[in-house]
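Colleague: Residue numbers (my numbering), protein chains in the order written: chain A, 1 to 214; chain B, 1001 to 1521; chain C, 2001 to 2358.
Just so you know, the hints here were simulated from the structure itself, not pulled from any lab data. It is possible that some hints are incorrect.
[Said to hold, decoys possible] Within a straight-line C-alpha distance of at most 20 Å, the following computed DMTMM-like cross-link-like pairs (lysine to aspartate or glutamate) qualify:
#  : chain 1 : residue 1 : chain 2 : residue 2
1  : B       : Lys1501   : C       : Glu2089
2  : A       : Lys136    : B       : Asp1118
3  : A       : Lys136    : B       : Glu1204
4  : A       : Lys110    : C       : Glu2089
5  : C       : Lys2155   : B       : Glu1188
6  : C       : Lys2155   : B       : Glu1187
7  : A       : Lys136    : B       : Glu1187
8  : A       : Lys136    : B       : Glu1121
9  : A       : Lys110    : B       : Asp1333
10 : C       : Lys2155   : A       : Asp114
[Said to hold, decoys possible] Non-contacting residues of chain C with respect to chain B, defined by C-beta distances greater than 10 Å in every case (computed):
#  : residue
11 : Ser2006
12 : Leu2041
13 : Met2050
14 : Phe2132
15 : Arg2163
16 : Thr2199
17 : Leu2240
18 : Thr2241
19 : Ala2287
20 : Phe2290
21 : Ile2297
22 : Phe2321
23 : Leu2324
24 : Ile2326
Every value quoted in this text rests on a predicted model; they were computed, and no experiment measured them. We treat Cβ as the ideally placed atom computed from N, Cα and C, and that holds for glycine.
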Amino acid sequence: MEMKKPAIKSIPYEEFKDNETLESLLAEVNKERTNVLIGNLDDLINWGRSNSLWSLTFATSCCGIEFMAVGAARYDFARFGFEVTRNSPRQADLIMCAGTITHKMAPVLKRLYDQMAEPKYVVAVGGCAISGGPFKGSYHVLNGIDKIIPVDVYVPGCPPRPEAMLYGMMQLQRKVKAEKFLGGKNIHRKRSDAPKDPIIVTNVPAGDENKNEK
Amino acid sequence: MEVNFIDIKDFRETMLAHRRKGMDFLRELIGMDWQDDGLGAIYMLENSSTHENIEVAVRTLDRERPQLPSVSDIWMVAELYEREVYDFYGIEFTGHHDLRRLYLRNDWVGFPLRKDYDASEELNPVRMESEPVEEFQREYDIQDDREMAEIVEKLKILHYDQYVVNIGPQHPATHGVLHFHLSLEGEEVRKVDIRCGYIHRGIEKLCESRTYPQILPFTDRLDYLSAHQNRHALCMCIENAMEIGVSDRVQYIRTIMDELQRIDSHLLMYSCMAMDMGAITGFIYGFREREKILDIMEEVTGGRLIQNYYVIGGVQADITPGFAKKVKEYCNDQKIRIKEYYDLFVNNVIFRNRSIGVGVLSREDAISFGATGGTGRASGWACDVRKRHPYAMYGKVDFKEIVHTGGDCYTRLIVRLEEILESIGIIEQLIDNIPEGDYKTKTKPIIKLPEGRFSASVEGSRGEFGVFIESRGDKMPYRLKFRPTGLPLLAAAHKIMKGCKIADLITIGASLDYVIPDIDR
Amino acid sequence: MIDFNSVTTAIDRFLNSVLPHQAATLVECLIIAVCAIVAYLTFAIVMIYMERKVCAAFQCRVGPDRVGKWGLLQVFSDVFKMLTKEIIELCSSDKILYTLAPFLVIMSSIITFSCLPFDNGLQVLDFNIGIFFIMAASSFGILGILLGGWSSNNKFSMIGAMRSGGQMISYELSMGLSVLTLVVLSGTMQISDLVEEQTKGWFIFRGHIPAFIAFIIYIISGNAETNRAPFDLPEAESELTAGFHTEYSGMGFGLFYVAEFMNMFIIAGIATTIFLGGWAPFTIPGADAFNSAMFMIPGFVWFLGKTFFVIWLLMWIRWTFPRLRIDQVLVLEWKYMVPIGLLNLLIMTICVVMGWTF
């Protein structure tokens, strides 16, 4: 059974950017054939996982305030199933890494990532987390968190608009739907070699936040 | 700005004399590297009742083991300020009882703000192992027979036979990445060791290699909840130095935007306090109104949180046609909504019981810690820069400085909520009378400040925000220092957190309303 | 109104006629277990969905609305996620206790749940100290919380567990007192009799002032027993990250989560049973036509309706109040609730002895 193109409710597939990366992921997943039963179970699990991404409360600076705004009344990410932010890394499914990561914070972030239970995802929010942003070149700033942990989705902006964050979360949902839990290789992924095997959606074009304000 | 250099031998006596003359507020302590003229520090003092200012400086020519006398026993806030200077310049303050690095890791090599700092990656790579923990307080003490002070290791910071708990760096109630190292006895906090620097981005060092217009965006990212005010301070400082006049229109717009930003920040403070106390609905209510301010700001400036609006000589873009109407609508709405906050959260018996009488900061302590802003005013210290040294339109509008004497967490919240109403009052006085004029004065393409030292300060959302520039006539500053509004608050927190419960610690943190990126810079 | 006693007796007779006695009992036990667990999970799902929507409504939000119609399938997706989430083994924890703890909590919760009288005859256990049994069964859940917090070898968990120990054991007292007040009024501890008695009028009306005070004490202490705001100190998100279940991931956390919601259902269920008449319909003495119309509505509808009303009250409190501090929690219990509860018990006894009840 083949894995289908992931659909997000009320947004057509073509509206999303970076479909090529997703399709290459799908092609990789679909290399090995699986039977219908396991395929359907996989679909069900992916549906569950993608609609229940609980984020870790993790914010270091400005982007964190926007992240709070996403959780508040107007943007309300609970609508999409990102119901709560968990404060304990054990219970969280993803880190929305919102803000600059400095040399002193880097080991802390790494440890938080290691403490999380599989499956875990990382969204790099804002210029600082992606590349160091305006502080690139400083003696105490890490130029991009992908140097220490694998990143799944990059959300550019300084800080990104709440709509952009929601878009990033939806992109992550699509990515989660292109995984295999039972029939795939993810199950064999050990904690120790997790960082070596990242699936990175790169090439999220800048200016997403403007395009996606619908 | 005139700075009196004092000889290092007379330094302590002079400072004590100043203190006796009523200079009880140490506004800033700026570490300096004058290269061949040695390392030193500039002290900005103020008399809290007459608002008289004085700036003194001291320096030492020894670059290997620079040592200056500590003033941490005269002004309590100097304890953290001196740790910061030690961290950045390696200046050892003799007599300081706990001289450790404040921001950087303990195993950091070199002192980054020195002009001869070696920034190579090999010396300070991204270290992924945990930071080694310093166990002892380090004091530099002068022995009788020697000139040079030596380290005497003293008190243990925390005893590990105690119940030691880390709150932070990743913790929902620290409002960012702050680290409280606590020793507990049951629920009671015995000792607090505050560690910051988890979001230290080295902005001051970066500024030294940027031109003045390039520095402007950094100010927004210091304390992102007083982005406008911070930028106002820097623009004002540069404008004063270059003697650029700004039109009345700009002054009006800046004042209105500053006040909108202040409301925004105070709403967020209320929201976060509600959330930290477990009333999540209160949090959402505060954010609901905050979004309306952001809408107005977004329309004018194009940004939601970080607006990059003020520029040298004016503002980036003129206000939009519907601006006045929207602001007025918002102000009317907010006045009604504030009552809702009182009904839902502030007058709730649980909140009152948890905040009244908790974390009391006395007026003397507030001044000595330099805890300005709402915190200082809740302790009875009239410290509003808008009244002390009026700038922009603040000298011409009529508003009341909210001063209460409770000094506890409850009063600190009340001060903020009442200030929202005052800010609305200021906006309403100005919004209908915005004069016509240029929204931006033409400046030279390359901005160079004349040689000298310049400073300006504004009332940020959570206290006095100051900018100090030492210029050598270049297009880049020789040294640029921001007075963080949060660091004095943190120093005060350290004192009032002792002996409270864990839950009180969270309440105190929320009521002091510090923003970590502003503390760490 | 249907008497479910006849239904259960018929099933019992049928099974005994086709199977030997022991086997019939075994089959009955299995059927009951399956029914109880299925009902438990169904209610848990309904409760979680309700909590989210109610919370969203209080907070001017929409709440989940993408997964399924009106977000109805949201809870299912959460369940699938939790089931497939990695369970982290901690190297320095007490493994047996660590694994056991969530099951203790959920066991206590399920046992208590199955004692609730959903309708006339629709309950698992009915014996002469029923209400006492419910109190006993519900209070051993605290053991799971204490063990969970202690065995995960985490300081936050430890503080959370100790807080919950202090809090839950204290509030057990005033809860017992308020239940005792009603036992004095009814004169029985058997649940079926308790509810049967209330077909003539709910105890909260018949016991007037003392019963009402007892109801308020019960709601407050019930809130504390379920560790929900304003008494969510053991979890205290902004203080202890996640309190006693900080170290639990995947289903371990899921079980705590479900048990928390179902404890709320149980607290509301007990409140319904002893104060609001259980499955007994609302009747007005004298208005016979109205009363017979009320009796047409099935008992379980009455029971669930009243229970969910109480749950809604609890949620209202949850999403309005800030959190108490630990010393205030204990002051409230020992300085106010216990003395008032004792006094109330005395008043109720006098009322009953003097016949001042309806």
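Colleague: Confirm or reject each hint.
Modeller: Taking the hints in turn, this is what the structure says about them:
Taking the CA atoms of B/Lys1501 and C/Glu2089, the gap is near 32 Å; set against the 20 Å cutoff, the hint is violated. As the CA atoms of A/Lys136 and B/Asp1118 are separated by approximately 17 Å, the hinted pair is consistent with the 20 Å bound. Straight-line distance between C-alpha atoms of A/Lys136 and B/Glu1204 comes to about 14 Å, which keeps the hinted pair within the 20 Å bound. A distance of roughly 19 Å separates the Cα atoms of A/Lys110 and C/Glu2089; the hinted pair therefore holds under the 20 Å criterion.
A C-alpha spacing of about 14 Å is found between C/Lys2155 and B/Glu1188, which places the hinted pair at or below 20 Å, so the restraint holds. Pair hint C/Lys2155 plus B/Glu1187 holds up; C-alpha atoms about 12 Å apart against a cutoff of 20 Å. In summary, the hint linking A/Lys136 to B/Glu1187 is not supported, as the alpha carbons are separated by about 42 Å, beyond the 20 Å threshold. As the CA atoms of A/Lys136 and B/Glu1121 are separated by approximately 14 Å, the hinted pair is consistent with the 20 Å bound.
Annotation: proposed proximity of A/Lys110 to B/Asp1333 is violated, straight-line Cα distance about 45 Å (limit 20 Å). Among the hinted pairs, C/Lys2155 with A/Asp114 is consistent with the structure: their alpha-carbon atoms are about 19 Å apart, no more than 20 Å. At roughly 48 Å from the closest C-beta of chain B, the C-beta of C/Ser2006 stays outside 10 Å, upholding its exclusion from the interface. Every CB of chain B is more than 10 Å from the CB of C/Leu2041 (nearest about 27 Å), matching its label as outside the interface.
Listed as outside the interface, C/Met2050 is consistent with that label: its C-beta sits roughly 17 Å from the nearest C-beta of chain B, beyond the 10 Å cut-off. The beta carbon of C/Phe2132 sits about 33 Å from the closest Cβ of chain B, which is more than 10 Å, so the claim that it is off the interface holds. Its closest Cβ contact with chain B, about 8 Å, brings C/Arg2163 to no more than 10 Å, contrary to its assignment away from the interface. With a least CB separation of 39 Å from chain B, C/Thr2199 remains clear of the 10 Å interface cut-off, as annotated.
For C/Leu2240, the non-interface assignment is contradicted: its Cβ lies about 8 Å from the closest Cβ of chain B, within the 10 Å cut-off. Interface exclusion of C/Thr2241 from chain B breaks down, the closest Cβ pair being 7 Å apart, not more than 10 Å. C/Ala2287, annotated as away from the interface, keeps every beta carbon of chain B farther than 10 Å; the closest lies near 39 Å. Every CB of chain B is more than 10 Å from the CB of C/Phe2290 (nearest about 38 Å), matching its label as outside the interface.
With 10 Å as the threshold on Cβ separation, the claim that C/Ile2297 sits away from chain B holds: the shortest Cβ distance comes to roughly 34 Å. With a cut of 10 Å on Cβ distances, C/Phe2321 falls inside the contact zone with chain B, its closest approach being about 6 Å. Remark: the non-interface label on C/Leu2324 conflicts with the geometry, its nearest Cβ contact in chain B lying 6 Å away (cut-off 10 Å). Interface exclusion of C/Ile2326 from chain B breaks down, the closest Cβ pair being 5 Å apart, not more than 10 Å.
Consistency note: the structure conflicts with the earlier hints numbered 1, 7, 9, 15, 17, 18, 22, 23, 24.
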